[in-house]
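Trainee: Listed below, chain by chain, are the residues.
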Amino acid sequence: MRQKHHKSRTQAIVKQALTAAAIAGGTLFTGSVQAATDLSLWYHGAGNEVESNIINQIISDFNASQSDWTVSIQSFPQESYNDSVVAAALAGSLPDILDVDGPVMPNWAWAGYLQPLPISEEQIADFLPGTLGFWNDELYSVGLWDAAVALVTRQSILDEFGLRKPTLAEPWTADEFNDALAAIKESGKYEYPLDLGMAWTGEWYPYAFSPFLQSFGGDLIDRDTYRSAEGVLNGEAALAFGEWWQGLFKNDLAPGTSQDPADRDSGFLEGKYAMAWNGNWAAVPMLDTFDDVLFLPAPDFGKGPVIGAASWQFGISGDTEHADGAASFIEFAVNDKYLAAFSDGIGLIPSTPGAAALTTKYAEGGPMAVFYELSEQQGRVRPVTPGYVVQAKVFEKALADIANGADVADTLDSAVDEIEIDIKRNEGYGHD
Amino acid sequence: MISHDNHGLRLAVRYAVLVLVAIIFVFPLLFMVMSSLKPDHQLLVDTGSLRAFLPVGDISFDNYAAAFQRAPISTFVINSVIVTGVTVMLSLAICSLSAFSFVFLRWSGRNLLLSILLATLIVPFETIAIPLLLLVSKLPWLGLDGLEQGWLNSYHVQILPFAADALTIFLFVQYFKDLPSELVEAARVEGASWFQIYLKIIMPLAGPVVATAAILRFLFMYNQYLWPLMVVQSDEYRPVMVGLQYFFQLDTPWGEVMAYLSLITIPVLGFYLMLQRAFIASIASTGVKG
Numbered sequence: 001m002r003q004k005h006h007k008s009r010t011q012a013i014v015k016q017a018l019t020a021a022a023i024a025g026g027t028l029f030t031g032s033v034q035a036a037t038d039l040s041l042w043y044h045g046a047g048n049e050v051e052s053n054i055i056n057q058i059i060s061d062f063n064a065s066q067s068d069w070t071v072s073i074q075s076f077p078q079e080s081y082n083d084s085v086v087a088a089a090l091a092g093s094l095p096d097i098l099d100v101d102g103p104v105m106p107n108w109a110w111a112g113y114l115q116p117l118p119i120s121e122e123q124i125a126d127f128l129p130g131t132l133g134f135w136n137d138e139l140y141s142v143g144l145w146d147a148a149v150a151l152v153t154r155q156s157i158l159d160e161f162g163l164r165k166p167t168l169a170e171p172w173t174a175d176e177f178n179d180a181l182a183a184i185k186e187s188g189k190y191e192y193p194l195d196l197g198m199a200w201t202g203e204w205y206p207y208a209f210s211p212f213l214q215s216f217g218g219d220l221i222d223r224d225t226y227r228s229a230e231g232v233l234n235g236e237a238a239l240a241f242g243e244w245w246q247g248l249f250k251n252d253l254a255p256g257t258s259q260d261p262a263d264r265d266s267g268f269l270e271g272k273y274a275m276a277w278n279g280n281w282a283a284v285p286m287l288d289t290f291d292d293v294l295f296l297p298a299p300d301f302g303k304g305p306v307i308g309a310a311s312w313q314f315g316i317s318g319d320t321e322h323a324d325g326a327a328s329f330i331e332f333a334v335n336d337k338y339l340a341a342f343s344d345g346i347g348l349i350p351s352t353p354g355a356a357a358l359t360t361k362y363a364e365g366g367p368m369a370v371f372y373e374l375s376e377q378q379g380r381v382r383p384v385t386p387g388y389v390v391q392a393k394v395f396e397k398a399l400a401d402i403a404n405g406a407d408v409a410d411t412l413d414s415a416v417d418e419i420e421i422d423i424k425r426n427e428g429y430g431h432d
Numbered sequence: 001m002i003s004h005d006n007h008g009l010r011l012a013v014r015y016a017v018l019v020l021v022a023i024i025f026v027f028p029l030l031f032m033v034m035s036s037l038k039p040d041h042q043l044l045v046d047t048g049s050l051r052a053f054l055p056v057g058d059i060s061f062d063n064y065a066a067a068f069q070r071a072p073i074s075t076f077v078i079n080s081v082i083v084t085g086v087t088v089m090l091s092l093a094i095c096s097l098s099a100f101s102f103v104f105l106r107w108s109g110r111n112l113l114l115s116i117l118l119a120t121l122i123v124p125f126e127t128i129a130i131p132l133l134l135l136v137s138k139l140p141w142l143g144l145d146g147l148e149q150g151w152l153n154s155y156h157v158q159i160l161p162f163a164a165d166a167l168t169i170f171l172f173v174q175y176f177k178d179l180p181s182e183l184v185e186a187a188r189v190e191g192a193s194w195f196q197i198y199l200k201i202i203m204p205l206a207g208p209v210v211a212t213a214a215i216l217r218f219l220f221m222y223n224q225y226l227w228p229l230m231v232v233q234s235d236e237y238r239p240v241m242v243g244l245q246y247f248f249q250l251d252t253p254w255g256e257v258m259a260y261l262s263l264i265t266i267p268v269l270g271f272y273l274m275l276q277r278a279f280i281a282s283i284a285s286t287g288v289k290g
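Residue numbers (this note's numbering), protein chains in the order written: chain P, 1 to 432; chain Z, 1 to 290.
These are computed hints drawn from the structure, not numbers from a lab.
Note that the structure is predicted; figures quoted are calculated from it, not measured.
Don't take each hint at face value.
To be verified - Looking from chain P toward chain Z, a few residues come up when the C-beta cut is under 7 Å (computed):
#  : residue
1  : A46
2  : G47
3  : Q74
4  : S80
5  : D83
6  : S84
7  : A87
8  : A89
9  : L90
10 : S93
11 : A262
To be verified - Negatives, chain Z to chain P, calculated, CB over 12 Å:
#  : residue
12 : G85
13 : F102
14 : A166
15 : A186
16 : R238
17 : M274
18 : R277
Backbone N, C-alpha and C define an ideal beta-carbon position, used for all residues, glycine too.
The shape of chain P in the complex, shown without the other chains:
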């Protein structure tokens, strides 16, 4: 009896052990099948709570929607984001997914920081052109929004000076624009007729001001070859642009490089400036302050009205072994619902008409719908070349120098030389 009891007890222990092993084994087995692969995402929006909340929501929704991938985010301050990415690329520690500023994308693609983005063409068919990043005929990045610049003023100011309200179909000509500035200046009612935002340095200069150059017929680089700026940045059209640009400051039509950043932020709202060249991100306070604010298209200086296009976009790291997972996330993120959320949250232009219709500001008849049309009709991406990052800095310096009185022809010649030397040093940046 005792032996029987002992035997049955032993059998029970063995049975329990086997069961436990089976459960453990099963768990391990199941676990290995279901374990999601981690994907890291780097984002430039640290410090922006609204933006962070939206991107975190997208990640949370994506992680809950499937069991193959788990995305985790690391946010960086925008000001230092590019430097962090370049350092990480050198150290071989890039993430799986990263966001990239549109004009910088070709440089990162050329350097191997990014790889082509394998998402279906159907999914991006109706995206604004500026939100798609192509390099060497391949899609590398896609943006959840675009940004646009407009000539901001008030209907009452146009009426006061008897100015025609320009439209997308019929923007102001160069003469109309210059006459308007002169008339406002002559009235003495404003500190300056036009605020260009000279206090904002960095990418603002090529983004906001190279479209003027393009409208004159010039450019930062010859876009047919991307190997030379000769005759493009210092040709007749560029010289005409340079003289016009310098005249704005020489004739006190716009505050120059010493503009107080505070005035850039609030000068138009306080009535110091009659017009401002500013972006859609600054539109909300203007709409809140004035009931007759107007967002007008860029003037046409001869070769059509132009504004800058392309903002931050998502791409796949060149180092990742999980391009399929990274692409799945990006495909998930470019849903109209999220594009609209970003637009409502931070005021940027949604990438698709479907998303625009879901927003309060960009839906048809909305107070900022004009920016969608501006982006669609006047937006032109900055030169699609890895050398753009250098060209942008050279252009910025040249514009500042000209604004401060430097000789236009000499300054533009020097800028061309600097750009060409950089292109040669980099063996043409991959352009044949």
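Please arrange chain Z on chain P, whose structure you already have, making use of the hints.
Mentor: Same frame as chain P, now just chain Z:
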């Protein structure tokens, strides 16, 4: 009587100059603190007048609350204090030991090595940043989680490359050279070991240079920006200067920037006040001795 008047006048002029200099140094700090208490619009308007330095208008701590909301400030400050504190201590220990060796021990090639070391002062950090990044990204590290490859995203990657530097060694060497050599000789006669001499005789006399080196090293480390930007990708290890970038958005909240700067200035002021007597003594003695 005339002499008394002259003395009074000289005193008045001296105080006027001192007050003027004090104002020049204090006003930026005053501007920072006062601006941190004002809403953005008022802050920008006040910059055009003396109101910028006064606690007037719509005063509140709202910017501080918003700054804490925008960025993990406590984490940044703690990270900076850890990285700076450990580096300063390591630097003082390593550099003072090196200097002791250069000054008091007799070994061949020490003058040549010191010259080479001092020559590195002319090499800016930016020129070695990338090779150093490539190096630390490959180095192994034995931590709590076992052996890891690469030092990125850690405290030690921010500390160890700066644990010793030529300037601090130079400061110690100069100071040690001015100490009477009889002290060391007497201790040797009494049978003290070199380490005992370093620890019990030399270092207790080195208060002023320790304070100077500590403050200089503290400021250098606390203000580090480029290196942590390159080697730290996680919030968890970010120091205060990289954290400052969280506040520069398209529409920069200047009040929050000032609040953040006021907050991160506190440790620096505290550290300086703690060591200021020794620091001034060191500068004064350096000046006298030429």
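Trainee: Does each hint fit the structure? Answer for all of them.
Mentor: Against the structure, the hints:
no.: 1; hint: A46; in the structure: holds (5 Å)
no.: 2; hint: G47; in the structure: holds (3 Å)
no.: 3; hint: Q74; in the structure: holds (6 Å)
no.: 4; hint: S80; in the structure: holds (5 Å)
no.: 5; hint: D83; in the structure: holds (6 Å)
no.: 6; hint: S84; in the structure: holds (6 Å)
no.: 7; hint: A87; in the structure: holds (4 Å)
no.: 8; hint: A89; in the structure: violated (11 Å)
no.: 9; hint: L90; in the structure: holds (6 Å)
no.: 10; hint: S93; in the structure: holds (6 Å)
no.: 11; hint: A262; in the structure: holds (4 Å)
no.: 12; hint: G85; in the structure: holds (24 Å)
no.: 13; hint: F102; in the structure: holds (35 Å)
no.: 14; hint: A166; in the structure: holds (25 Å)
no.: 15; hint: A186; in the structure: holds (53 Å)
no.: 16; hint: R238; in the structure: violated (9 Å)
no.: 17; hint: M274; in the structure: holds (31 Å)
no.: 18; hint: R277; in the structure: holds (38 Å)
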